[in-house]
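K.L.:
Here is what each chain is made of, one letter per residue.
Protein chains: 2
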Amino acid sequence: MGGDHGPDIVMPGLLRVAERRPDVRFLIFGREDAVSPNFLKYPRLRSVSDFVHCDVAVRMDDKPSQALRHGRWKSSMWKAIEAVKAGDADVCISAGNTGALMAMSKFCLRTMAQIERPAIAAIWPTTRGESIVLDVGATIGADAHQLIDFSILGAAMARALFGIDRPTVGLLNIGVEEVKGLEEIKEAGALLRDISLKTMEYRGFVEGSDIGRGTVDVVVSEGFAGNIALKTAEGTATQLAEYLRAAMSRTLMARIGYVFAKSAFDRLREKMDVRKVNGGVFLGLNGIVVKSHGGTDDEGFAAAVELGYDMVRNKLLDKIRADLDHFHARVPPAPRSAPASADE
Amino acid sequence: MGGDHGPDIVMPGLLRVAERRPDVRFLIFGREDAVSPNFLKYPRLRSVSDFVHCDVAVRMDDKPSQALRHGRWKSSMWKAIEAVKAGDADVCISAGNTGALMAMSKFCLRTMAQIERPAIAAIWPTTRGESIVLDVGATIGADAHQLIDFSILGAAMARALFGIDRPTVGLLNIGVEEVKGLEEIKEAGALLRDISLKTMEYRGFVEGSDIGRGTVDVVVSEGFAGNIALKTAEGTATQLAEYLRAAMSRTLMARIGYVFAKSAFDRLREKMDVRKVNGGVFLGLNGIVVKSHGGTDDEGFAAAVELGYDMVRNKLLDKIRADLDHFHARVPPAPRSAPASADE
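Chains as they are written, first to last, in the numbering used here: chain H, 1 to 344; chain V, 1 to 344.
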């Protein structure tokens, strides 16, 4: 029910996934009057889906507290998350209100025992391929222990998605010299360097310019700076696409050149297409939840669903649990700043 | 003496400025053996320059404290800053060590009486033109009063450089809803909205994606997130330029198209050229200091010098002083978190 277009992009998006991944099955939660017309349009989708009608839908402008108040136990968002908890679904995907989705996911699925706070991970296209960046906005601020949690979560996701045994990890900082940056980042870096985990290769500090370069597989940051980085990169990509469009339509010669190079431009557009890397993954919960961009189209929503599919296929949660055990076997449990439930 | 190439780019850069701005005069500080060969090459530059030999040069990898210890009173960097203090120069430009330049600038020029901490302002190309973003790395963290200081400094710079009477100002935050983000940002926003200064138009919160869009003339942030944003945008621009290059050389048709559209690509390259907007401006000191990118070439260094020239011509310091007086006439002096000298 969420996002700018609701079932009108979700349903054709699911159809695309069904065509590409024949073993997938969907549990669809929403208002019948909004969903049914789409089932009539896509009978193939109907055959791989179960539909559950829900009276209530979380609104895009609900604050998390409002959404919990009027949507808990009964909204389509809640029911979809609950299906993961009950084991009826392997992963929950929503294009809805991010704050509400995170609040409900935390309330319903709970944070993993060894994790202090969940994070939102984004997949970032780089000149080398793709990297994972987290946290991009679940929380503001993070202490050294939380940064290490994020490192473990991100490395497990890189292992599940990219098939790398020992992903490289960097902490986002300003300046790469050890003297610079925030105390908590230095502390996390020192600890990651000392323990030398077999599930990741800690590479030290990285700067904003390293993200797009693909210097490391996993970039770790607290959520404020991570969100600023993500949004700034999106803005810069949009800006440069606009420059390119303007440059290519300015003169006759440029327009002729554009015709010749059209297939190259199409490839480039695909590379710069934010829909293709659509999907923030909630990590650190007892279940996987994927947030699709609210403004995406059906192909973008399909990408978010397939991201969820791939993580389930590659047993992300098992990897996270094993990695956390490995870490805690190496490092005695440190005093935590607050009990995990304080977040909720 | 600073930057990756020292006098070999600084001297031809100055020559370019001398050719474009006939009323400019240079005071050049450096080691004679490094500077002299360039004077022989560029006699025209010699005729508009005074040269001061300095035995000591701050190294690019000196920590600020080291640079102060061995470079204070005598290094070329110190002497250049001191020339501003003494009134012998209107502006100091350096491609050297940023941390050392800021430490020496603070020590020599001192922070303005009504300003708590200096900031580094960057000029950011946008789809609408240019915006000013500060702080991009002088300090980590900022309270509400410092964010307001930065707003006043940035707005004065926009008035001096862009010739706008009442520049628009936004506070960089995550999410534009009033409920989100950090306490100090909310507090600064509420105060800026309440006082409604005649020297700026406060427009509320902006996100990372708004910077490249040119939503506001001045984007205000504490230095950690500001630096992450700047570096991430640089990285994204480099990344997309690489995609474009790869796409245009991949097939014969694309290469033919490239030939036709070459002048359009050249324009685009110029738009994406980070050298053209080269220069971080130190604001909040009793004097203007411009930091040129260390890796720039002569054209980039010339751009940094001309940025300094334009700010002096447009009386930036007078504008800042008048704007601070205007603000403090409207808002009774609030208790500050620490005396200005605590930073040094």
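Just so you know, the hints here were simulated from the structure itself, not pulled from any lab data.
Do not take every clue at face value.
One copy or two, either will do: identical chains are not told apart, so a pair holds if it fits within one copy or between any two.
[As the list claims (entries may be wrong)] List time: in silico SDA-like cross-link candidates among lysine to any residue, alpha-carbon distance up to 20 angstroms: (1) LYS63 to LEU324; (2) LYS262 to ALA246; (3) LYS63 to ALA86; (4) LYS186 to ARG20; (5) LYS186 to ILE140; (6) LYS63 to PHE205; (7) LYS63 to GLU183; (8) LYS85 to PHE205; (9) LYS262 to GLU242.
Remember, predicted model here, so these are calculated numbers, not experimental data.
K.L.:
Please go over all the hints and tell whether each is borne out by the structure.
P.N.:
These are the hints, each one checked on the structure:
no., hint, result
1, LYS63 to LEU324, "neither (32 angstroms within a copy, 37 angstroms between copies)"
2, LYS262 to ALA246, "both (15 angstroms within a copy, 14 angstroms between copies)"
3, LYS63 to ALA86, "neither (26 angstroms within a copy, 56 angstroms between copies)"
4, LYS186 to ARG20, "neither (45 angstroms within a copy, 46 angstroms between copies)"
5, LYS186 to ILE140, "both (18 angstroms within a copy, 14 angstroms between copies)"
6, LYS63 to PHE205, "between (35 angstroms within a copy, 17 angstroms between copies)"
7, LYS63 to GLU183, "between (32 angstroms within a copy, 17 angstroms between copies)"
8, LYS85 to PHE205, "neither (36 angstroms within a copy, 37 angstroms between copies)"
9, LYS262 to GLU242, "both (16 angstroms within a copy, 17 angstroms between copies)"
In summary, the numbered hints that this structure violates are 1, 3, 4, 8.
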